[in-house]
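Chains as they are written, first to last, in our numbering: chain A, 1 to 290; chain G, 291 to 544.
Be aware that a few hints might be false.
Take a look, some chain G residues computed to stay more than 10 Å from chain A by CB distance [to be verified]:
#1 LYS337
#2 LEU344
#3 GLY345
#4 THR346
#5 ILE380
#6 LEU394
#7 TYR415
#8 PHE419
#9 LEU452
#10 LEU466
#11 PRO480
#12 PHE481
#13 ILE482
#14 GLY503
#15 ARG540
Chain A is faced by these chain G residues, among others (derived, beta-carbon under 8 Å) [said to hold, decoys possible]:
#16 ASN329
#17 LEU330
#18 ASP469
#19 ASN495
#20 LEU496
#21 GLU497
#22 ASN500
27 Å max Cα-Cα, derived DSSO-like pairs, lysine-lysine [claimed, not checked]:
#23 A:LYS270 x A:LYS224
#24 G:LYS308 x A:LYS37
#25 G:LYS378 x A:LYS37
#26 A:LYS34 x G:LYS292
#27 A:LYS268 x A:LYS224
#28 A:LYS197 x A:LYS54
If you are wondering where the hints come from, they were derived from the structure by calculation, not from laboratory data. It should be emphasised that the depicted structure is a prediction, and the values quoted were computed from it without experimental measurement. Glycine residues also receive a C-beta, built at the ideal position from the N, C-alpha and C atoms.
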Amino acid sequence: MVLAAGTYGIQKNLEVFHARARKIEDLKYLPSGKFLKPASLGYQNLLASMFWVKTVGYFGSHVLTDRQYPYLYQLVDVVTTLDPLFEYPYEFGGIVLALEVGHLQLSDAVLRKGLGNVQQSHPRYWYLPFFLGFNSMFYRRDFQTAARYMEMAARHPGRPEYLPLLVAKLYAKAYEPAVGLQFLEEMYRSTENRELKERIAQRIREVIVDRDIQLLEKSRDEYKKTRGAFPESLQALVQAGIIPAIPREPFGGRYQINARTGEVFSTKFKERLQIYLPGEPGRREGVGKP
Amino acid sequence: MKIIAIAVNTFREAVRDKILYSLLFFALVMMSLSVILGNLTIGEQIKIIEDFGLGTISLFGVLIAVFVGVGLVYKEIERRTIYTILSKPIPRWVFLLGKYGGLLLTLLVEVSVMAAFFVLLVLYYGVGFDFALLKAIGLIYLELALITAVALFFSAFTTPTLSGLFALGIFVIGHLSSDLKIFGQGAQDPFISGLTSFLYYLLPNLENFNIKGQVVHGIPVPWEFIGWSTLYGLLYITGTLLLTVLVFQRRDFR
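With the rest of the complex left out, here is chain A (with noise of 0.2 Å):
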């Protein structure tokens, strides 16, 4: 019994040392893919799947604290490298690296990584070009390219039934935020791990604030040309029929016009959605390599 509690405090003393520890992080020694895989003695796939935990429990507990993953491409890179054909690594990681990370390019590298290595008879096959073009489209604004992308998708027979109806929408550069919200939604539904379906469904609410918030400069704008001055409020463009009613803001917060100067504004989601230009190497710092 006394040896017993004494194993259990020393243990508890020493997991300080391990949290601390923790704080370096001991994915600096994860050896590439390519480099464990012979090394894995033909357990490659036993080893694919104990990586793909570590990478879940390691955006898990990111997530939650600093929001950095620094390591999280390498991981997915392992995980793909040891195992290629497991489908679900590829969209978690092409997500995550879009949507959280802010690194297109390495987003897009792992999305063609699977591409190329998952089975094309995989019943997900189509999430690959899927959000590979929901990159180019949502955060490049290039159509040609998603709509590429899409039709690829498209082809595919998992596919959902709206898909071709969005190929033909993009060939025609018709870019609304509701065809956006599509793919987010769509996002959302097929993602299953909780924490990156709040992170989508918060990215859901800025894409409905910034098409809320589009809606009412045009409309401010049309306002203004009849009237000749900003409304005071937004009421005023309701009253003026211009339009039904004042949008819900999904944050909780309201809409608001500053009468001055015109800047049309939410009261709970201040900035306006970044859009990523093509080649810009990304947000945060050291994601790791492509």
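Following the hints, position chain G against chain A.
The following block gives chain G in isolation, referenced to the frame of chain A:
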């Protein structure tokens, strides 16, 4: 008949070995762990369970094959029981083959226990049972049989510790041998490329028995491949056993 008697006896002796049960216990623990890990992660939980299951069956099978395999002949010599056996009208090759048969039986029981547990897990958590998983387990068993033959070969002339190390070494090289070939093809020196290709064909290519990845992803494995792999395994085992008999025949027991 004598072979069967020795085999049954060897089996009885092996199942008394505690190491067998501890390894089996850890194998089952590891497979159960995969259920928890599968729950923690996202997407294709069944894949995690299958990866862990097949990996565990193979990994612990190898450990059992080596650790139980290397000790059996040595124990007979150490306890001097080998004199009473070999003084009877039993040829040495019969003794060896009996030992090998007993080990195969032990492994068969052991793999069956693990496989049964695995099948239950897959049936419980999966959407259905893929018959191909049994193909993978069958080839794993063949690989184990080959490693056992190698372990027996080494244990015919050296100590259990050394033969255990040698057998594990062959296991490692057996999974790397295709790299050996690639290395040899890249070499400029004709001697080195000759040597590596000689070693490549001499050493067992254990990747021939590894269809775990294909099976988990539902890629069909043609029966033709399984047939050739089985034939390869059987030939290799026969060769190894012949060599073992040759070594064992000449050995002097004092």
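Going down the list of hints, with the structure as the test:
Taking the minimum C-beta to C-beta distance to chain A, about 7 Å, the non-interface status of G:LYS337 is violated against the 10 Å cut. Interface exclusion of G:LEU344 from chain A breaks down, the closest Cβ pair being 7 Å apart, not more than 10 Å. The beta carbon of G:GLY345 is not kept farther than 10 Å from every beta carbon of chain A, the shortest such distance being approximately 3 Å. A beta-carbon of chain A is positioned within 10 Å of the beta-carbon of G:THR346; the least distance is around 8 Å.
Non-interface status of G:ILE380 relative to chain A is upheld: no Cβ of that chain comes within 10 Å, the nearest being about 38 Å off. Every Cβ of chain A is farther than 10 Å from the Cβ of G:LEU394; the closest lies at roughly 21 Å, confirming the non-interface assignment. Non-interface call for G:TYR415 relative to chain A: holds, since the shortest CB-CB distance, roughly 14 Å, exceeds 10 Å. Every CB of chain A lies more than 10 Å from the CB of G:PHE419, the least distance being 18 Å, so the non-interface label holds.
Listed as outside the interface, G:LEU452 is consistent with that label: its C-beta sits roughly 21 Å from the nearest C-beta of chain A, beyond the 10 Å cut-off. The Cβ of G:LEU466 sits about 6 Å from the closest Cβ of chain A, inside the 10 Å cut-off, so the non-interface label is violated. Every beta carbon of chain A lies more than 10 Å from that of G:PRO480, the smallest distance being close to 25 Å; the non-interface claim holds. The beta carbon of G:PHE481 is kept farther than 10 Å from every beta carbon of chain A, the shortest such distance being approximately 24 Å.
Residue placement check: G:ILE482 keeps its beta carbon more than 10 Å from all beta carbons of chain A (closest about 19 Å). With a least CB separation of 5 Å from chain A, G:GLY503 falls inside the 10 Å interface cut-off, contrary to its annotation. The claim that G:ARG540 lies off the interface holds: its Cβ sits roughly 33 Å from the closest Cβ of chain A, which is beyond the 10 Å cut-off. For G:ASN329, the interface hint is violated, the least distance from its beta-carbon to any beta-carbon of chain A being 10 Å, above 8 Å.
Below 8 Å, beta-carbon pairs count as interface contacts, and G:LEU330 has one with chain A at about 6 Å; its hint therefore holds. Interface hint at G:ASP469: satisfied, since its Cβ lies 6 Å from the closest Cβ of chain A, which is below the 8 Å cut-off. Checking G:ASN495 against chain A: minimum C-beta separation of about 11 Å lies over 8 Å; hint violated. For G:LEU496, the suggested interface contact is upheld, since its CB lies about 7 Å from the closest CB of chain A, less than 8 Å.
For the restraint placing G:GLU497 at the interface with chain A, the shortest Cβ-Cβ distance is roughly 6 Å, inside the 8 Å limit, so the hint holds. Proximity of G:ASN500 to chain A holds as hinted, the smallest CB-CB distance being about 4 Å (cut-off 8 Å). Restraint check for A:LYS270 and A:LYS224: the C-alpha separation of about 24 Å stays at or below 27 Å, so the hint holds. A hinted pair counts as satisfied when its Cα atoms are at most 27 Å apart, and G:LYS308 with A:LYS37 does not qualify at roughly 33 Å.
Taking the CA atoms of G:LYS378 and A:LYS37, the gap is near 51 Å; set against the 27 Å cutoff, the hint is violated. Restraint check for A:LYS34 and G:LYS292: not satisfied, since their Cα atoms lie roughly 50 Å apart, outside the 27 Å limit. Between A:LYS268 and A:LYS224 the CA atoms are separated by roughly 26 Å; this keeps the pair inside 27 Å, and the hint holds. Between A:LYS197 and A:LYS54 the alpha-carbon distance is near 19 Å, which keeps this suggested pair within the 27 Å criterion.
When the structure is compared with the earlier hints, violations turn up for hints 1, 2, 3, 4, 10, 14, 16, 19, 24, 25, 26 and for no others.
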